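Visitor: Spelled out, the chains give:
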Amino acid sequence: MEAANVAQSSGQGTELAGKYLTFSLGNEGYGVGILSVREIIGVMEITAVPHTPPYIRGVINLRGKVIPVLDLRLKFNMHHKEYDERTCIIVVEVQGQTAPVQVGMVVDSVSEVLNILAGEIEPPPSLGSSSETENILGMAKAKGEVKILLDVDRVVGEGLLQQLAS
Amino acid sequence: MTAGHKSLSDLLDEVALKILMIEPGDLSIVGELLDLIEKLLPGQAAPDTPIVIQRMAAAFKGVLEKLIMGELADSAENYDLLGQCVIEMQESARKEGRPGEKIVAQFCDNLKKIGFSMEASALLGTVDAASAGMAEVGDETMAEEEGPLASPQIDPAPAAQAPPAAGPSQEALPDFLQDTDLLAGFIEEAFEHLESIEVNVLELEQSPDDQDIINNIFRPFHTIKGVSGFLNLKTINRLAHATENLLDDVRNGKRPMDSAVIDIVLTVGDALKSMVENIKDVLQHGPANYKDTDISGFLVNITQLQEGGSGAPPVETVSASVSDLLPEVSEIEEAEETEEGEPLVGEEAVAVAPSMPTIARAAQVAVSPRVPQAPASSVGRSTTDSAQKKIGASIKVDVEKLDALVNAVGELVIMQSLVRQNKLVSRIADAKLTKDFSQLTRITSELQRTAMSMRMVPIKQTFDKMIRLVRDLSKKSGKKVDLIMEGAETEIDRNMVESIYDPLVHMMRNSVDHGISPPADREKCGKQETGTVFLRAYQKGGSMMIEIEDDGEGLNTQKIRKKAVERGLVSESDNLSDFELNNLIFLPGFSTADKITDVSGRGVGMDVVKKAVEKLRGKVEVQSHSGKGSLFVIRLPLTLAIIDGIIVRVGSERYIIPTIAIQESMRPDRTNYSTVHGRGENLLVRGELVPIIRLYEIFGVESTNTDPCEAIVVVVENEGRRRALMVDELLGKEEVVIKNLGGLDVQGVAGGTILGDGRVGLILDLAGVIANKAD
Numbered sequence: 000m001e002a003a004n005v006a007q008s009s010g011q012g013t014e015l016a017g018k019y020l021t022f023s024l025g026n027e028g029y030g031v032g033i034l035s036v037r038e039i040i041g042v043m044e045i046t047a048v049p050h051t052p053p054y055i056r057g058v059i060n061l062r063g064k065v066i067p068v069l070d071l072r073l074k075f076n077m078h079h080k081e082y083d084e085r086t087c088i089i090v091v092e093v094q095g096q097t098a099p100v101q102v103g104m105v106v107d108s109v110s111e112v113l114n115i116l117a118g119e120i121e122p123p124p125s126l127g128s129s130s131e132t133e134n135i136l137g138m139a140k141a142k143g144e145v146k147i148l149l150d151v152d153r154v155v156g157e158g159l160l161q162q163l164a165s
Numbered sequence: 000m001t002a003g004h005k006s007l008s009d010l011l012d013e014v015a016l017k018i019l020m021i022e023p024g025d026l027s028i029v030g031e032l033l034d035l036i037e038k039l040l041p042g043q044a045a046p047d048t049p050i051v052i053q054r055m056a057a058a059f060k061g062v063l064e065k066l067i068m069g070e071l072a073d074s075a076e077n078y079d080l081l082g083q084c085v086i087e088m089q090e091s092a093r094k095e096g097r098p099g100e101k102i103v104a105q106f107c108d109n110l111k112k113i114g115f116s117m118e119a120s121a122l123l124g125t126v127d128a129a130s131a132g133m134a135e136v137g138d139e140t141m142a143e144e145e146g147p148l149a150s151p152q153i154d155p156a157p158a159a160q161a162p163p164a165a166g167p168s169q170e171a172l173p174d175f176l177q178d179t180d181l182l183a184g185f186i187e188e189a190f191e192h193l194e195s196i197e198v199n200v201l202e203l204e205q206s207p208d209d210q211d212i213i214n215n216i217f218r219p220f221h222t223i224k225g226v227s228g229f230l231n232l233k234t235i236n237r238l239a240h241a242t243e244n245l246l247d248d249v250r251n252g253k254r255p256m257d258s259a260v261i262d263i264v265l266t267v268g269d270a271l272k273s274m275v276e277n278i279k280d281v282l283q284h285g286p287a288n289y290k291d292t293d294i295s296g297f298l299v300n301i302t303q304l305q306e307g308g309s310g311a312p313p314v315e316t317v318s319a320s321v322s323d324l325l326p327e328v329s330e331i332e333e334a335e336e337t338e339e340g341e342p343l344v345g346e347e348a349v350a351v352a353p354s355m356p357t358i359a360r361a362a363q364v365a366v367s368p369r370v371p372q373a374p375a376s377s378v379g380r381s382t383t384d385s386a387q388k389k390i391g392a393s394i395k396v397d398v399e400k401l402d403a404l405v406n407a408v409g410e411l412v413i414m415q416s417l418v419r420q421n422k423l424v425s426r427i428a429d430a431k432l433t434k435d436f437s438q439l440t441r442i443t444s445e446l447q448r449t450a451m452s453m454r455m456v457p458i459k460q461t462f463d464k465m466i467r468l469v470r471d472l473s474k475k476s477g478k479k480v481d482l483i484m485e486g487a488e489t490e491i492d493r494n495m496v497e498s499i500y501d502p503l504v505h506m507m508r509n510s511v512d513h514g515i516s517p518p519a520d521r522e523k524c525g526k527q528e529t530g531t532v533f534l535r536a537y538q539k540g541g542s543m544m545i546e547i548e549d550d551g552e553g554l555n556t557q558k559i560r561k562k563a564v565e566r567g568l569v570s571e572s573d574n575l576s577d578f579e580l581n582n583l584i585f586l587p588g589f590s591t592a593d594k595i596t597d598v599s600g601r602g603v604g605m606d607v608v609k610k611a612v613e614k615l616r617g618k619v620e621v622q623s624h625s626g627k628g629s630l631f632v633i634r635l636p637l638t639l640a641i642i643d644g645i646i647v648r649v650g651s652e653r654y655i656i657p658t659i660a661i662q663e664s665m666r667p668d669r670t671n672y673s674t675v676h677g678r679g680e681n682l683l684v685r686g687e688l689v690p691i692i693r694l695y696e697i698f699g700v701e702s703t704n705t706d707p708c709e710a711i712v713v714v715v716e717n718e719g720r721r722r723a724l725m726v727d728e729l730l731g732k733e734e735v736v737i738k739n740l741g742g743l744d745v746q747g748v749a750g751g752t753i754l755g756d757g758r759v760g761l762i763l764d765l766a767g768v769i770a771n772k773a774d
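Protein chains in written order, with numbering that gives the first Met the number 0: chain A, 0 to 165; chain B, 0 to 774.
Note that these hints are calculated values from the structure, not bench results. Each hint should be verified, as a subset may be incorrect.
Incomplete in silico selection of chain B near chain A, CB under 8 Å [as the list claims (entries may be wrong)]:
(1) A407
(2) G409
(3) V700
(4) K738
(5) N739
(6) G741
(7) L743
(8) V745
(9) Q746
(10) G747
(11) V748
(12) G757
(13) R758
(14) V759
(15) G760
(16) L761
Simulated restraints, written as ranges between beta carbons of each label pair [what the hints assert, rightly or not]:
(17) A:L34 with B:E37: 36 to 44 Å
(18) B:D744 with A:V112: 27 to 35 Å
(19) B:T449 with A:P99: 24 to 32 Å
(20) B:E37 with A:P99: 24 to 32 Å
Keep in mind the model is a prediction, meaning the values are calculated, not measured. The C-beta atom is built at its ideal place from N, Cα and C for all residues, glycine as well.
Whenever a hint applies, use it, and build me the whole structure from the sequences.
Guide: Structure representation (structure tokens):
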């Protein structure tokens with residue numbers, strides 16, 4: 000299963016090439032496909048929702064629309080960091096069960112939009128446990144740094160699904 | 000697992016509601032029922048649907064198909080038995096698919112009574128046996144599908160079945176599908192016209208000589224005829240044309256407007272409606288759904304009426320819906336009658352043989368000189384326009400656009416108050432600014448009111464349908480019933496109109512079928528022969544009230560009490576008021592007991608009505624005096640988008656509790672507080688023990704108070720259960736706009752809303768909160 004996954008990802012290297020919005024969590028750089036990003040907003044007061052896993056911080060009011068917000072640090076089991084003026088919420092749109100849904104992701108800070116070429120992308124490393132790597136599309140070496148390219152549908156979709164299952 | 004199971008019980012509830020709606024002779028609802036039950040069939044059901052229920056559904060479907068085919072009698076008794084079957088399926092669902100032999104045996108027994116043999120072992124037994132039973136059912140249905148089901152057109156005259164029935168329908172297809180935009184417009188328009196026809200016809204029944212009303216009926220037929228001819232909808236055109244001719248005769252005084260004409264116009268209206276419905280289907284789901292409708296029966300009848308034949312066959316036997324094309328004895332008789340009778344003249348006579356496409360088409364040619372072409376149809380349209388002048392000009396708007404507007408206006412109101420409350424702004428002491436602000440507030444609230452009112456429609460449409468229902472019911476049962484409607488102009492949320500229709504029909508039917516007694520019995524009781532049913536709508540506070548009152552038998556409170564004690568719902572020693580006893584009829588499972596003669600329905604019961612009303616966040620109650628009549632009161636929120644709620648604070652979080660559920664709030668006295676085994680906390684509220692739910696506990700937030708006697712409790716009621724919710728503070732009452740949580744689905748939370756400060760507040764779902772605590 001894992002081998003197949005790796006093979007698939009490397010085969011998709013050309014498909015993965017494109018523009019990514021990069022951001023940081025701690026010392027790590029991440030990227031999400033620009034096409035799924037709707038907007039970036041500063042962090043605002045979040046209303047907690049009961050009976051949800053800790054990484055789902057709650058819901059916010061996005062100009063009259065109520066959308067859920069998840070904390071990527073907590074989602075990836077990194078330790079929590081107090082929100083500051085650099086903390087951002089990246090609003091992404093993913094396909095929900097019936098209609099597209101918008102979800103906010105809390106990140107430490109947003110960096111820039113990078114054009115990542117096919118040759119710069121490598122398949123995700125095998126880290127033993129597959130649950131850690133299945134959110135990852137690939138690793139990109141851009142400007143001398145490594146960016147972890149995230150599969151937004153997986154990260155967000157899985158988060159909401161897990162929540163539903165609980 | 001819970002989600003799947005819930006949808007199963009929901010599905011069964013829907014099935015139960017549909018069963019209630021069935022009238023013998025109206026197979027269209029049986030068709031809808033079939034659609035529903037197919038969702039429970041093996042292979043299509045949710046994976047966690049108990050296998051027994053899937054098998055039951057398969058058997059159920061077999062019965063429905065036989066009913067549609069006419070192999071089983073289309074009688075009220077059979078539907079009652081089907082109702083029992085649904086109850087047994089519901090029972091099985093409640094027992095998680097292990098219903099026990101007794102229920103299954105009952106199920107089979109009921110099926111047998113209908114005339115569909117089914118062995119209990121096939122439902123319960125080993126997989127092998129079951130699959131064998133399944134295959135049997137499958138075979139039967141397959142065999143039947145080869146038959147007339149596949150070809151919608153069945154001709155009344157058996158000899159006419161020789162040409163393939165599907166032939167003409169397929170030929171007719173491409174003709175009218177060329178201009179889908181025009182067609183969609185026509186469908187909308189036709190529905191409006193047909194409704195106005197129905198209303199006017201019923202009005203005409205009261206004053207048969209009113210020339211204006213006859214004109215009002217004539218015009219829409221004329222328009223439908225014109226436009227359908229223009230769009231090449233031949234069958235509709237022909238039927239509308241024939242009816243128009245008949246009405247023309249009436250208008251010119253050639254024949255009186257009698258009940259025969261009224262009946263035929265009504266049935267033609269129904270037939271046209273189902274045809275237009277079908278065209279809508281074709282538009283939405285492709286030409287495969289096209290059904291050719293056989294209208295020869297109508298044409299024969301109309302011609303006979305025009306010939307002055309007072310001996311026209313009773314029109315009731317002419318079936319109305321598309322699915323009624325199945326061979327029915329009465330129809331065949333009719334056809335024979337016409338064959339034997341005097342030769343028919345005119346194009347209608349030719350059209351009697353619709354199975355012969357060439358002749359039918361020839362008839363079309365014969366008609367065409369009289370069919371108005373495009374300009375004529377626009378004339379027809381303009382005349383109707385002038386007839387509707389008093390209603391005022393209106394335009395149709397996409398509902399999504401409307402919702403977007405309402406959303407934006409809501410945001411505007413919030414932003415305005417945020418700007419106003421801004422610290423710097425509020426410090427400005429400028430008279431002009433203050434004045435401008437109050438002007439702005441006025442404009443925005445006006446805007447909000449207008450935006451909200453755009454979602455509202457008068458309930459008249461729904462009420463008007465009841466006129467027909469009561470008329471049909473009273474005719475069928477031989478009772479005399481007057482329907483008096485008040486407040487039909489009261490406005491109701493557009494989205495609610497459809498959901499309120501089914502429960503209303505059910506309650507009206509209850510009132511006429513079971514409330515009002517036959518004329519002879521009424522006279523014995525010293526009442527007028529004619530019973531009266533009132534249907535009222537009005538606004539009261541922030542609610543919309545609908546009342547259904549009859550002067551019939553009333554509920555037999557003592558029987559209800561006896562039944563309730565038998566079922567263990569109340570104990571012999573309970574001292575309940577008549578009002579409380581009467582409202583027991585809304586409890587689920589109550590009416591599934593043996594019939595209570597005075598109020599028996601199909602056995603599926605009033606709990607379906609209650610559930611439907613509660614889904615709309617409303618309430619239903621009954622007041623009744625034995626022998627004097629009953630009054631059902633439905634209370635609905637004015638709109639689904641807004642909820643009237645009390646904002647409470649728990650720690651740092653704010654929640655909204657729907658006001659309709661709140662009974663009282665208080666700071667509890669220590670003497671009223673008690674615990675069971677140190678855990679289950681109860682509060683004595685007016686002599687009744689009410690369990691306490693600590694909101695902060697189940698929502699996992701920090702609370703200011705952990706002692707109920709220092710906090711505030713809000714006593715709420717949901718589905719007959721009372722609970723005391725412990726909160727820190729009551730912040731106020733507000734009407735809030737309900738929004739979903741963008742994909743999050745949390746037990747105990749019905750949705751979110753944006754509060755005055757722009758933050759999101761969560762709206763409590765009390766059913767969820769109570770269930771959560773019970774877990």
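Visitor: It remains to establish, for every hint, whether it holds in the given structure.
Guide: Verification of the supplied hints:
1. Hint on A407 of chain B holds. Least Cβ distance to chain A is approximately 7 Å, under the 8 Å limit.
2. With 8 Å as the threshold, the beta carbon of G409 of chain B comes within range of chain A, its nearest partner Cβ sitting at about 6 Å, so the hint holds.
3. Restraint check, V700 of chain B versus chain A: the minimum CB separation of about 7 Å is within 8 Å; hint holds.
4. For K738 of chain B, the shortest C-beta to C-beta distance to chain A is roughly 5 Å, which falls under 8 Å, so the interface hint holds.
5. The closest approach between the C-beta of N739 of chain B and any C-beta of chain A is roughly 7 Å, which is under the 8 Å cut-off, so the hint is satisfied.
6. Below 8 Å, beta-carbon pairs count as interface contacts, and G741 of chain B has one with chain A at about 4 Å; its hint therefore holds.
7. Satisfaction of the interface hint for L743 of chain B is found here, the shortest Cβ-Cβ separation to chain A being roughly 5 Å, below the 8 Å cut-off.
8. Checking V745 of chain B against chain A: minimum C-beta separation of about 5 Å stays under 8 Å; hint holds.
9. Checking Q746 of chain B against chain A: minimum C-beta separation of about 6 Å stays under 8 Å; hint holds.
10. A distance limit of 8 Å between C-beta atoms decides the matter here; for G747 of chain B the minimum to chain A is near 7 Å, and the interface restraint holds.
11. The restraint placing V748 of chain B at the interface with chain A holds, with a minimum CB-CB distance near 7 Å, inside the 8 Å limit.
12. Here the hint on G757 of chain B is kept, as its CB sits about 6 Å from the closest CB of chain A, short of 8 Å.
13. At a threshold of 8 Å, the smallest CB-CB gap from R758 of chain B to chain A is about 5 Å, leaving the interface hint in force.
14. Interface restraint check: V759 of chain B against chain A, minimum CB-CB distance 4 Å, threshold 8 Å, status holds.
15. Against a cut-off of 8 Å between C-beta atoms, the interface hint on G760 of chain B holds, since the closest Cβ of chain A lies about 7 Å away.
16. Interface hint status for L761 of chain B: upheld, as the beta-carbon distance to the closest one in chain A is roughly 7 Å, under 8 Å.
17. For L34 of chain A and E37 of chain B, the Cβ-Cβ distance of about 39 Å falls inside the hinted range of 36 to 44 Å, so the restraint holds.
18. In this structure, D744 of chain B and V112 of chain A meet the distance hint of 27 to 35 Å, their C-beta atoms being roughly 34 Å apart.
19. In this structure, T449 of chain B and P99 of chain A meet the distance hint of 24 to 32 Å, their C-beta atoms being roughly 30 Å apart.
20. Range check, E37 of chain B to P99 of chain A: Cβ separation about 29 Å, and the 24 to 32 Å hint holds.
In terms of the numbered hints stated before, the structure departs from none.
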